[in-house]
Structure formats: C-alpha cells, structure tokens
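S.K.: These are the residues of each chain, in order.
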Amino acid sequence: MYEVRNIAFSYSDRSVLKDVSFVVSPGETVSLVGDNGAGKTTLIKILATLMTPESGTIRVDGQDALAHPIRYRSQLGYMQENPALYEDMTVKGYLRYRAQLKGEPDKRIRRRVGEAIEICKLADTRDRPIRHLSFGQKKRVALADAMLLRPRVVLLDDVLAGLDCGMREAAAEIISNVAAFSSVIVTGHEITDLVKWSTRILVLRGGVISASIPSAGLQHGEFVAKVSAALRGGAK
Amino acid sequence: MSPVRVTFRRTIGQARSLYTAALACAGFLAAAAVLFAFNLDAAEGCRVRLVPLWTVSVAPALPILAALLGMDVWSDERKTGRIDLLLAAPVRERDFVIGKFLGVWAMTLVDIAIALATSIGFIEYFAPALMENVSFASFLPGVFALAMQSALWSAVAVAMSALFRNPAASAVATAALLSAIPRGLWYALMAWAPEGRPRFGEMPLDAQAYDIASGLVSTGTVVAYAVLAVSALFLASKTVASLRCPGRGGRGLLASTRTTVALGIVSAVLAVALAYRLDVVLDLPIGGREARFSPRTRSILAESRGTVEITAFLERGDGRFRPLSHFLRALVAEADAMCGVRIEVRYVDPTLDLGAASRLVREGVERDSLVFEQDGRIVGRLRLADGYGERACVSLIERVTLPFQRSCVYWTTGHGEASTTDYGPDGLSDIARDLALDGYGNKTIDLAGGAAIADDCALVVVAGARNDFSVVELNRLRSYLEGRGGKNEGGRLLVLLDTAHLGGIHTLLTEWGIRPVPAALSGTRTLSGTDVVVSDFAADHVVSAPFAGQRVVLDSPVAFVPSAAADESGTGADRKRYSPLLKAGGATLAAAVERGEERSDLAIRPTRIVAIGDVGFSLNAHLAAFANANRDFILNSVKYLSGRDALTQAGTEPDLLVSGMDRTARARLVVASGLAFPALVFLLMAAGVARRRNR
Numbered sequence: 000m001y002e003v004r005n006i007a008f009s010y011s012d013r014s015v016l017k018d019v020s021f022v023v024s025p026g027e028t029v030s031l032v033g034d035n036g037a038g039k040t041t042l043i044k045i046l047a048t049l050m051t052p053e054s055g056t057i058r059v060d061g062q063d064a065l066a067h068p069i070r071y072r073s074q075l076g077y078m079q080e081n082p083a084l085y086e087d088m089t090v091k092g093y094l095r096y097r098a099q100l101k102g103e104p105d106k107r108i109r110r111r112v113g114e115a116i117e118i119c120k121l122a123d124t125r126d127r128p129i130r131h132l133s134f135g136q137k138k139r140v141a142l143a144d145a146m147l148l149r150p151r152v153v154l155l156d157d158v159l160a161g162l163d164c165g166m167r168e169a170a171a172e173i174i175s176n177v178a179a180f181s182s183v184i185v186t187g188h189e190i191t192d193l194v195k196w197s198t199r200i201l202v203l204r205g206g207v208i209s210a211s212i213p214s215a216g217l218q219h220g221e222f223v224a225k226v227s228a229a230l231r232g233g234a235k
Numbered sequence: 000m001s002p003v004r005v006t007f008r009r010t011i012g013q014a015r016s017l018y019t020a021a022l023a024c025a026g027f028l029a030a031a032a033v034l035f036a037f038n039l040d041a042a043e044g045c046r047v048r049l050v051p052l053w054t055v056s057v058a059p060a061l062p063i064l065a066a067l068l069g070m071d072v073w074s075d076e077r078k079t080g081r082i083d084l085l086l087a088a089p090v091r092e093r094d095f096v097i098g099k100f101l102g103v104w105a106m107t108l109v110d111i112a113i114a115l116a117t118s119i120g121f122i123e124y125f126a127p128a129l130m131e132n133v134s135f136a137s138f139l140p141g142v143f144a145l146a147m148q149s150a151l152w153s154a155v156a157v158a159m160s161a162l163f164r165n166p167a168a169s170a171v172a173t174a175a176l177l178s179a180i181p182r183g184l185w186y187a188l189m190a191w192a193p194e195g196r197p198r199f200g201e202m203p204l205d206a207q208a209y210d211i212a213s214g215l216v217s218t219g220t221v222v223a224y225a226v227l228a229v230s231a232l233f234l235a236s237k238t239v240a241s242l243r244c245p246g247r248g249g250r251g252l253l254a255s256t257r258t259t260v261a262l263g264i265v266s267a268v269l270a271v272a273l274a275y276r277l278d279v280v281l282d283l284p285i286g287g288r289e290a291r292f293s294p295r296t297r298s299i300l301a302e303s304r305g306t307v308e309i310t311a312f313l314e315r316g317d318g319r320f321r322p323l324s325h326f327l328r329a330l331v332a333e334a335d336a337m338c339g340v341r342i343e344v345r346y347v348d349p350t351l352d353l354g355a356a357s358r359l360v361r362e363g364v365e366r367d368s369l370v371f372e373q374d375g376r377i378v379g380r381l382r383l384a385d386g387y388g389e390r391a392c393v394s395l396i397e398r399v400t401l402p403f404q405r406s407c408v409y410w411t412t413g414h415g416e417a418s419t420t421d422y423g424p425d426g427l428s429d430i431a432r433d434l435a436l437d438g439y440g441n442k443t444i445d446l447a448g449g450a451a452i453a454d455d456c457a458l459v460v461v462a463g464a465r466n467d468f469s470v471v472e473l474n475r476l477r478s479y480l481e482g483r484g485g486k487n488e489g490g491r492l493l494v495l496l497d498t499a500h501l502g503g504i505h506t507l508l509t510e511w512g513i514r515p516v517p518a519a520l521s522g523t524r525t526l527s528g529t530d531v532v533v534s535d536f537a538a539d540h541v542v543s544a545p546f547a548g549q550r551v552v553l554d555s556p557v558a559f560v561p562s563a564a565a566d567e568s569g570t571g572a573d574r575k576r577y578s579p580l581l582k583a584g585g586a587t588l589a590a591a592v593e594r595g596e597e598r599s600d601l602a603i604r605p606t607r608i609v610a611i612g613d614v615g616f617s618l619n620a621h622l623a624a625f626a627n628a629n630r631d632f633i634l635n636s637v638k639y640l641s642g643r644d645a646l647t648q649a650g651t652e653p654d655l656l657v658s659g660m661d662r663t664a665r666a667r668l669v670v671a672s673g674l675a676f677p678a679l680v681f682l683l684m685a686a687g688v689a690r691r692r693n694r
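Residue numbers (numbering that gives the first Met the number 0), protein chains in the order written: chain A, 0 to 235; chain B, 0 to 694.
Since the hints were made in silico from the structure, they are not lab data.
Quick reminder that beta carbons are idealized off the backbone N, C-alpha and C, glycines included.
Be aware that a few hints might be false.
[Unchecked claim] Listed below are the simulated SDA-like cross-link pairs for lysine to any residue, each with C-alpha atoms no more than 20 angstroms apart in a straight line: (1) A/Lys-106 <-> B/Met-0; (2) A/Lys-17 <-> B/Arg-247; (3) A/Lys-17 <-> B/Gly-251; (4) A/Lys-137 <-> A/Lys-106; (5) A/Lys-91 <-> A/Gln-62; (6) B/Lys-78 <-> A/Asp-126; (7) A/Lys-91 <-> B/Gln-13; (8) B/Lys-582 <-> B/Val-516; (9) A/Lys-106 <-> B/Val-3; (10) A/Lys-137 <-> B/Arg-81.
[What the hints assert, rightly or not] Stretch-level coverage of chain B by chain A, calculated; a stretch enters the list once three of its residues show a Cβ under 8 angstroms from a Cβ in chain A: (11) 49-60; (12) 86-94; (13) 160-167; (14) 177-184.
[As the list claims (entries may be wrong)] Some but not every residue of chain B turned toward chain A, in silico, with C-beta under 10 angstroms: (15) Met-0; (16) Ser-357; (17) Val-688; (18) Asn-693.
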C-alpha cells in the first residue's frame, strides 16, 4: 500500500500543493491529471524525493519513506517527462548501468535487463546507441529504466507527452504490464488515453486532490465525461 | 557492484566519448612537454635534478587538465536533467561524488603516467646523458607529488562542476581557483615586494611539488592536500544534496546544509593549521642517495678525519632553508656511511637563537651563510649567495681535515710578468688571494738568479712574460718539468701568454706539444669587440668539464695547436697527451699537456702544463669586470696542476644538469614531445570517440 498524506509544497511566493492525500494499492494504475501548473510534476518530484515537502508523509507498507529515503528509492521507479539518457550508451548498456546503480546483484542484472527490454519492446534496438533512437524509443528506454527492477512504486511523469497514436498504445500496453507487479502513478493531459488503462483518475486542482474517480463500473465515454467535469470543477 | 564503482566507470566511459576530453589530454601532454623542454633549457648547467625539474614542469598544467576533465561531471547532469534520475536512485550523494572524483582523478593519473613515459622515452632518445644516473623508480616521488596535487585539483573540479550548471563556467571557475588566482597573487606579490622571494622561496604549489619530488616530504603539506580534497568533495556532496531543496520546504534542510558546509570549512582550516603546526619534514631516502655524491667526494669524506661542525646561519622561514637542510643531511649521512670525517650540523636562526647568533656575529659571520668549525674555531665560511654545493663544502672539509701539506704557487718574475702584489687593474692580487683562501702559498721565483725551485712548489706560473727567458732559465724550467733530481716527479707549469710578447716561453711549450699560433677566430661572440666569449669547454678534461653551460672571456687571445712533440713522441708513460680545453671560432684558446701517469704508491707524478692564450684572463680588471667563469677556470687549472684533481673533476657536482643537446636537438625535442606526440594522442582518442559515436 502506497500512502500519500497531507503533502504541502510552496515556492517562496506561491503555494503549489496545499494538502494532497491519496492511497494507491498494489497493482493499481492511478493517473494524476490537472491543468498546466496545477502541480502534477511537483508532486511527482516530491514523491521521487527530488523535492522536499513542507509537510506531509509518504508511506510504503506503513514505512515512512522520507525518514528512510535510500530504502524508499530502492522501491521506486521514476521516469521524467523528457527522457534524459546517456546518449553515448547502447540501450542494453544503459539499462545495465541503471540496474547496477540501483544495487541489483550482477548475476541478476542480465535477466532484469532482458525482461525490461522484452516488456518495453526494445529488442530491435538493444545494441543501438541511444543517440540514434527516436523520441518515442527514448521514452520506452526511460520506461524500461523506471520498471527495471520491478519496483513497488512506479512514477511516470507525463508519460504520453510527445508520442504519436501508435506509440501511445504501445506505452499503454507497457504500463499495463508494469502494473502487474507495481503501483503505478502516471501524470498527463491525454484524458482519453489515460482513462483506457487507469484504474483511477485523481484530479489535482487548487493544490488538493479535488476528485478521485475510479474506472470500475464506468463506460469509457462516461469515465471521460466525469473526469472532464472534475477538471472543470464539477463532479467530485 | 558498489555505486561508487558504477559511477566511476560511467565517468570514465562518458569522458571517452567526448572530444573535449581528448583535447584536454592531448593539450596537457603538449603543455607539460613544452614546459619540460623549456625548463630543461633554462636549467642547463644549473644545480638542478631531473626528477624535480620534470615534476615542476608537469604540475602547472594539472589544474587545467582537472578543470577540463571535471567540468562535465555534474554540470552536464544538471544541464540535461539526468541529475533527477541520479537523485531518484537509491544512492547517497557522497557515493556519486566520490565515484565521479575517482573517475576524474584516474584520468589525470593516466595522463601523468603517459607524460612520464613519453618524457623518459624522449630524454632517452634526445639526451641519454641525463638518464645515466636516473632510474624509472627515481620518478616515483615526483609522480606521488603530482598524484597528490591532482587529487586536490580533481576534487575542486568536481565541486565546481556541482556548483555550476554550465560546464564552461565550471571549467573557468576551477582554472581560476586553482591556477590563475594563486599564481596571479603570488607573482603580483613578488612584483610588489621582490625582496620576499628569497624569504618565501618559490611559488608554494611548485615548491611543494619540488620538495616531494626530491624526497623531502612535509607531513603538513600531505595532510593539507588530503584535508582540502576531502573538504572539496564534502562541498560537492552537500551542493548536490541541496538540489533537493527548492521551495519553502527545503529551507530548513538548506540552512542546515549551509551550516554544515561552513563548519566543514572551519574544521578544514583548523586541521590544515594544526597539520602545519605539527609539521614533520621527512627526508626519505628515495631517488637514490648514492647517486647524489660523486665517487671522489665519497673518497674525500672517507679519507678525512676528525669532526667538522657546520652551522647554517639563516632564518628557518627562508626559502633556501629546506633545500639547504636537505643537502646537509645528505652530506652527513654520506660522511657517516663512509666512516671518515664526522660532520655535525647545527642550525642557527638569527631571529630565534639569539645567543648562538650573537656569537657568530661577533666572529664576523654574515647572515645567510654556512660556517665550518673545528674544535670551536671557525675554519671556513660560505655565503649562501655564492653557492653551497658539494664541491665547495667538500673542498673546505678537505682543507680542514686532511694532513697539512705545504703547497706553494711560484710566480716567475723578471720578464715583465704581472705581479701578485699589484692591486691595480693589471695585477694578480685578486687571484692570488683566492689561491691563498684555497690553502696555497704565493711565492715569487727569479729563475735567472740561480734560485732552485723548492720542494714545496706545487706549480710554476708564468703570467704574461714580456721579455724573453734566457737559455739558462728555460733549461731550469725544462729540468723542473722533466722531473726533480731523478725523483720521477714531473713539474707543473701554468703559462698565461701575453698576446703581444710570447716571452720565449713559446719554445718550451712547443717542445712539450703546445704550439702558440696567432688566433684566427670566426663567428665568435664578443662583448667589447676585441674580446672573445667562450662557452665551448672540452667535456673530457677535468679542468674544463665542470664549466658546461658557463662562459669565460679572453681579450685578443693567442691560439694553440698541437706541435709535433704532442702525442707522437714517446710511448706509454712518455707520451705527451695534448688536450684542448677552450675552443672558440675553430681555434683552441687554452690547452693542457700531460706526460706520465699518476702512481701514488710509487711517488710518481706526471708532468702537467696548462697554457692559456691571454694573460688578461686572470688580471684584477678582468676578474672584476666580467660576470664570467675566468676565476674558476684559473682555480681549476691550479688545482689540476697541483694534483688536487678531486676538486676539478667533472661529476663532483652531480646535480648539475647537462643535457648535451644542441639547438637542433632541443627543437626536435619540442616538436616531437610537445607537438607530434600530443597530436598523435589526440588523433587516436578522437578516432575512438568518433567510432563510439558512429557505431
């Protein structure tokens, strides 16, 4: 169980997050949506321990993540909006490096890297330098990195941004596979795509989670309409 | 695999795919090689050892190398946004910092190793004489000094890279902090107060590298470098950690981080101050102490008896104190090893040891000098400004410890010769006083008066005879040179020819193999138009060999050629061996002849003659007017003629650096080591980068 309680964050003159709380169960894929500047990326960065919140707690299975950041980060997979990778490395070399950095024992690295390559459909590009890959392929590499060691929590920031239709479907499939062993939190603006595979949509508005809309029992169109209404400030 | 190791490998791998890294490595090799060649040229003939010279040549280029190799390690991560991926990994900031530092340091160490290997290779090829007494292991102290400095430079480069988002700004800040600011301040200070140079010595960063390379390791310096390197890494680690602190929530963490950094800086300053307060200078027996002194010096130290006290009378803060103490300790150790004379060294600081200092001052001893005492009596003194090298010290030790031998120089009179009692510009009082200081008595002899040449005669000097010697006088000299009274002790003669009047002595010289001829000089250097500046000394003769890199000045000299008597006449011990000593414009301006062999066990001594083509060479006016080696050349000739070869032998100053390279060889060395090889390294590395990028 991944619990986020009362997270608040503000820059010197502007409050971005006031009181953000939510819970994500194992195997759940939660999408975080909101307007530009609503604080989605800030929240993801706080969850990834890249920023320090003013208040609030993050717990993984009851353990305080901020009190034991190294242990927490070893259970975490994180992907930025714009994938920043080592362009001189090959896909396989990069994933191997990341696995080593995350402390995976050498004897298991090969299997982990092979699994990530297979899930993210990178077999054709495994030995190519990253600089020769397209933007979409780089995103897939970053996604492979995020889910490399089957982390307990995967944080994906604006995962669909800049991807074409085909790539989005591929990303959706990958995320569905990742959700088999992780709690996935995704941010984005592409509501019609996100509702296809999200188990829940969280709407971030005014520095708080203004709506939590589960997909269970809802048709696709109905789900989209509810989320859109929540974004406009309607349904809770 | 530990995160430090993973980060270390990534740092190396990343640098291998950068053209800037290739350029930095090649540029470093080029700068180090050119500096080394320049310093080699400047130190030619000076009392400098090869290893420290190489070390201080490489050291100034290291900060730039570290700045260029380290500029990307954090700045690039921040610029591209990869920093977020790193900080989201389960790794402590300090592990990243250490890994990146080790990567940068390892690359600088590899560059230092390449610079060392190529320097040795090129020296072996262009100036093999320099490597005769130097082994590869001798360079290890120098490499240690550079490794220590490069560790600090690399740590600072990593810290600057963490502070700046832009790699170029990081490189500029590092170079400014490590090179431009300290060196600029130092040179500005020295320009403002040049009298500080003798007190503070050389630029501290260079002086520290020089000291360690010569085996003088200051624990304070080593600790200071280590503390400062750790502090720089600590600063880098905290800087990276503070990247997690934007916004109000991070204020507390940021404040505590800044407090920690401030405390860390204060602790580092205190640790460095404490290290220097408790400084112990270790004189490590590295670099081959056996090679420091010539076999002849060791022989003198072994043969000498008694106890000599050497007092170094100078301030401990003086820049010359450490090299002087290094030299004296080596001399004491050598004397102890030889089981001969016992040398005791005392240091008297005129500002601290007031009692001892006042005693020395009462005795008329100047500050900044070495005082030689025996049984509480001052027997010699050397001003540091005049040099305190092996030859000077051992000469004094020999004089005060070996059994007293009456040794007089006899100056001929009656033929218009210059006089040793003439204090005017045309007199010889100056050189006579130097000979007296060296333990010789100065006497005159009138050969025409029937006076026999006494047994205490070390040599006869004919200094510019203007009137001819009579047949009787020449026969008396012939008899003296052939050997006294059948004792098989050949005579010794120093002839300084007057250019206008050869004085009949030329016939005697011709009989012994030296024929004076008018000098036809071409392409010679001159100061006034009539004099000749000579810097071509025969390297294979004990009189002239120590003068490599120096110069003497002669005024309208006579030249010499070997006569028919030289070399051809006689066999074995009877052979007259002609040796040119000074050459200029194709002419020999001083020459020596020797017949017979030294057989100390049989009381046989060879006949020796030295002829110099200008009496003005040794006159007061010339010795006072020219900054030249004339005085030393005359003294060396006298020592050679009087049998004190030990004090003239080439190699009695092993620290003299003589490369033997001519201008062409120097140019080739610069082109090969400073241009061609670095260009090759750059091409190879760039090809590797291109291959990685295009695969």
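S.K.: Run every hint past the structure and note whether it holds.
M.R.: Okay, the hints, checked on the actual structure:
1. A/Lys-106 <-> B/Met-0: Judged against 20 angstroms, a Cα distance of about 11 angstroms means the pair holds.
2. A/Lys-17 <-> B/Arg-247: holds, 13 angstroms
3. A/Lys-17 <-> B/Gly-251: Given that 20 angstroms is the threshold and the Cα spacing comes to 19 angstroms, the pair holds.
4. A/Lys-137 <-> A/Lys-106: violated, 26 angstroms
5. A/Lys-91 <-> A/Gln-62: violated, 33 angstroms
6. B/Lys-78 <-> A/Asp-126: violated, 26 angstroms
7. A/Lys-91 <-> B/Gln-13: holds, 16 angstroms
8. B/Lys-582 <-> B/Val-516: Judged against 20 angstroms, a Cα distance of about 14 angstroms means the pair holds.
9. A/Lys-106 <-> B/Val-3: holds, 19 angstroms
10. A/Lys-137 <-> B/Arg-81: Distance ~13 angstroms between A/Lys-137 and B/Arg-81 Cα, so the pair holds.
11. 49-60: With 0 residues in contact (Cβ-Cβ under 8 angstroms with chain A), the coverage given for the segment 49-60 of chain B is violated.
12. 86-94: Check passed, 6 qualifying residues.
13. 160-167: Answer violated; 0 residues pass the 8 angstroms Cβ test.
14. 177-184: As far as the segment 177-184 of chain B goes, the hint is violated, because 0 residues have Cβ atoms under 8 angstroms from chain A.
15. Met-0: Nearest chain A Cβ about 5 angstroms off; hint holds.
16. Ser-357: violated, 67 angstroms
17. Val-688: holds, 9 angstroms
18. Asn-693: Holds. Min distance 9 angstroms.
In terms of the numbered hints stated before, the structure departs from hints 4, 5, 6, 11, 13, 14 and 16, listed from lowest to highest.
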